[in-house]
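Sequence order for the protein chains is P and V. For what it's worth, the working numbering labels the leading residue of the first sequence as 1, then goes sequentially. For what it's worth, the working numbering labels the leading residue of the second sequence as 1, then goes sequentially.
A couple of the hints might just be wrong.
Claimed, not checked - Computed list of lysine-lysine pairs in DSSO-like fashion (alpha-carbon distance at most 30 Å, straight line): (1) 86(V) x 189(P); (2) 116(P) x 86(V); (3) 116(P) x 36(V); (4) 115(V) x 136(V).
Read the hints as simulated data drawn from the structure, not as lab findings. Keep in mind that this is a model prediction, so the values were computed, not measured.
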Amino acid sequence: MRRTSSSRLIVNSVGRTAIFLTFLLAVSAVESLAQESPYFVTYDHYLEEPGSLEVEYFSNFATQRGGNDFNAYWLEFEYGTTAWWTTELYLDGQTTFDDGTIFTGFRIENRFRLLKSEHVINPVLYAEYEQISEADKIMKEIEGHDIEADHAVPNAILREGHNHELELKLLLSSTHNGWNFALNPLATKPLTGGEPWEFGYAAGVSRPLALKASAQRCSFCPENFVAGVEMYGGLGDRYSFGLHETSHYLAPVLAWNLPSSWTLRLSPGFGLNDNSHQFLLRWGLSREFSGFGSMLAGWFRGGR
Amino acid sequence: MRFPITSAAMLFGIVALTVGIAGAQSGDSSMPKFDKSVYAELARAPVKAAARPNPLESDPEAVAGGAKLFERHCAECHGASADGGKKGPSLRAEEVQEASPGALFWLLTNGVVRKGMPVWSRLPEPQRWQLVSYIKSLDVPPGTTNH
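This is chain P alone, in the form it adopts within the complex (with noise of 0.2 Å):
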């Protein structure tokens, strides 16, 4: 009954986004700003061009035993503020099936380019604040002692949890005859309830499937396809360093960047060991508004 409902659930979600895929490439005709990354969860060196507006929209489907499936989903504004910094605002929320859905908080992040040109390892150093309910499923990233055990509660025990968090990472990455290659190693302190440092880590690697652009424009060449595979989870607690009890996840992803400056994302989750959940699905659109800044600039200046 309940893998019925999910299923319905799943087809509906499936339809709405097709006519919205479908709506959105129609309207979509100026070609801009787009070459992102596949990641999920994985962060290269790249940050938004100074002045572009990025809106993501990402969906995180996972399998649950001993609890029902979900769908958790967030919204992400990402913002060029300079060359060499870069700031986002996520809102997040959930589905549980035959459960509820629930919007589970939000994120301020900031990306910090260390270092002002190109390096065999580029630093950037990511913070970033987050206010969210222990009812959060989006898995953004993994950290500490997470098992998907911690998913099974019911939504409305959950919600009840409030989580502060002050997240670090240091995000290294370098780039080297069209392959990329990231790792995120990430450390959270919990705000409140004095609760310890949390680590964790992603790592990616991804390339295009054609280096060199083709002379006429289109949507399937090659070069807008970008594949690779990451790994996330986390690494225990400042008094318990390590694998123990902790999940980890491999997962294919690919982006395919559009002319029209949208990007679709696919990437498919396999959980590597017993504390992991067994399989994710997540997809992510976004569309790149370049000039964003200016725009809003000259809002701002209208009433002078």
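Use these hints to put chain V onto chain P, whose structure you have.
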């Protein structure tokens, strides 16, 4: 309201984001935001990098591919005709046209981050050379000088 301070914090975040956007984009948007000193960045290319030849020099499709890439990634700042935009300088200027392909490739790869030009190493190397081919194919407007 599940979070007592959610609304206030979100409002603060949105205001901070907006102020940041406005601050970053402040100034008269009708005027170019760059100065001619950006061209001097080309001279910073290491000798070895500046001496690199364009491997796509004889590729007949390199310019067309570069034009497509320029439209997608560069025109927003440098103008649709590459003659300068609100944020980026003209690429038809003598300083650019007289620069070696290697120096242009080096600048594309490393950007001028402190002056607003992002690094473009996310584009694979052949695509950066295609962009160089396109830029070098541009005409310098008659009588134009930036010296």
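**Report entry** Holds or violated: residue 115(V) to residue 136(V), with C-alpha atoms at most 30 Å apart
**Finding:** 23 Å, holds
Query raised in the report: Are residue 116(P) and residue 86(V) close enough, with their CA atoms no more than 30 Å apart?
Result: Holds. Residue 116(P) to residue 86(V) sits at ~22 Å (cutoff 30 Å).
Query raised in the report: Taking 30 Å as the top limit, are the C-alpha atoms of residue 116(P) and residue 36(V) close enough?
Result: 20 Å, holds
**Report entry** residue 86(V) paired with residue 189(P) [C-alpha distance capped at 30 Å]
**Finding:** Since the Cα atoms of residue 86(V) and residue 189(P) sit roughly 42 Å apart, the hinted pair is violated (cutoff 30 Å).
Of the hints listed earlier, the one the structure fails to meet is number 1.
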